[in-house]
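Can you make the complete structure from the sequences, with help from the hints?
Listed below, chain by chain, are the residues.
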Amino acid sequence: MAAIKPKRKLGSSARGTARPEDSRLELKVRDLLRVESVSCQADTSVIEVAQIMMVHRIRYCLVLNKKDELTGIVVARSLQRAAGPRLEQLTAEDVMLPCVTVTAGVPVERAAAKMYLNHLQHLVVVSDRPGSNAVMGLVGATDILRHVSARKGGK
Amino acid sequence: MELICNFMHRGTVTCRLDDTAQDVAELMNDNQIRTVVVVDERGGFWGVISVLDLLPAIGKNLGKVSAEDLMQPCQFTVDPQLPVNEAVALMDKHQVEYLVIGSEGTSEKRPVGILTSYDIVRCMARIKVGRTVGPLKLAAG
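Residue numbers (my numbering), protein chains in the order written: chain A, 1 to 155; chain B, 1 to 141.
Be aware that one or more of the hints could be misleading.
No more than 20 Å apart at the CA atoms, straight line, and that leaves these computed lysine to any residue pairs for SDA-like [as the list claims (entries may be wrong)]:
| id | chain 1 | residue 1 | chain 2 | residue 2 |
| --- | --- | --- | --- | --- |
| 1 | B | K64 | A | A150 |
| 2 | A | K28 | A | V106 |
| 3 | B | K93 | A | H119 |
If you are wondering where the hints come from, they were derived from the structure by calculation, not from laboratory data.
Printed below as a string of C-alpha cells:
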C-alpha cells in the first residue's frame, strides 16, 4: 500500500466539546466541530483514497490542491459511483464533490437542514469572523445525531 | 468476481414502524451505525432509515415523529451471492447508498444483512471482512 498521509490538523487540537453554558437547544456548529481532518492531494489515486478512508475509519477525505488549499471532498458515495472498469485511472480530483460550507456560529438544526438538502453527511466549517474564510474543521451527521440522542425525550 | 457476501454487514439493527425518531437516533448512536432497518411485529421488512433521513426531524420534537414517517419504503432486497459490480449498478440506478440483503429461498422478505457505499469503499481498498480459513502453515524462511 502506498504511503498514507498522516491526519492533517486544521485549526487547533482536541475535538470540540459542548460549552456547558449553552443550553442544548442553542447548540452551535462550533460546539460539535471536529478539528482533526484527513486529507489527500488532488492527484491521489481513487484506490489510495479508499485505503486512506479504511485506515482512518472515516467516510470522507478532504482533497487539497498543490498549494494545500481545500478544493473538494471525496465521500463513500462518490467512490461508489466511480466503481467501474476505469477505476484504476481515476484520481481524487475526478470523483470529488465541491465542499459545502457552514459557518461556526450557525445552530446545529440549520447545519442538519443544509446536510439534508445537499445530501451530504459532512460539512466544512469556516470561521464566522467577517472577511475570514479560514477552515476550522468539519461537522458530521453523526456528530449531530450524538447531540440529539443525548437529548432524551426531545424538546 | 467479488460477491457482496464478502463485504456486507451480516445481521441488521432493526426498529419497529411505531418507534419514534428519538428511538432511532439512540439506536444509531448506541450501535455506531448509520442505517436502521424498519420491520413489523413479524419481522417483515418495510423500509430503511439512514442518518440523512433523520436530519429533517432535527429541531422538531423527535418523540412525536414515527419511524414510518422517516423511512424510505422497501423497494427490493438482493441476494448475498450478487456480484459487487451488479450491486453498484443497482445502487446507482435507484440512487441509494445501501442495499438490503434478503434471506434466500423464502417468499417473505426478511433482511439478513446490509451493504452500504462504505462497504464498496472497502472492496475498492481490497479489504474483505474476516473469513475462516483452513489449517495454516508457516511460510518457509
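Unmet hints by their number, sorted upward, for this structure = Checked against the structure, no hint fails, so every one of them is satisfied.
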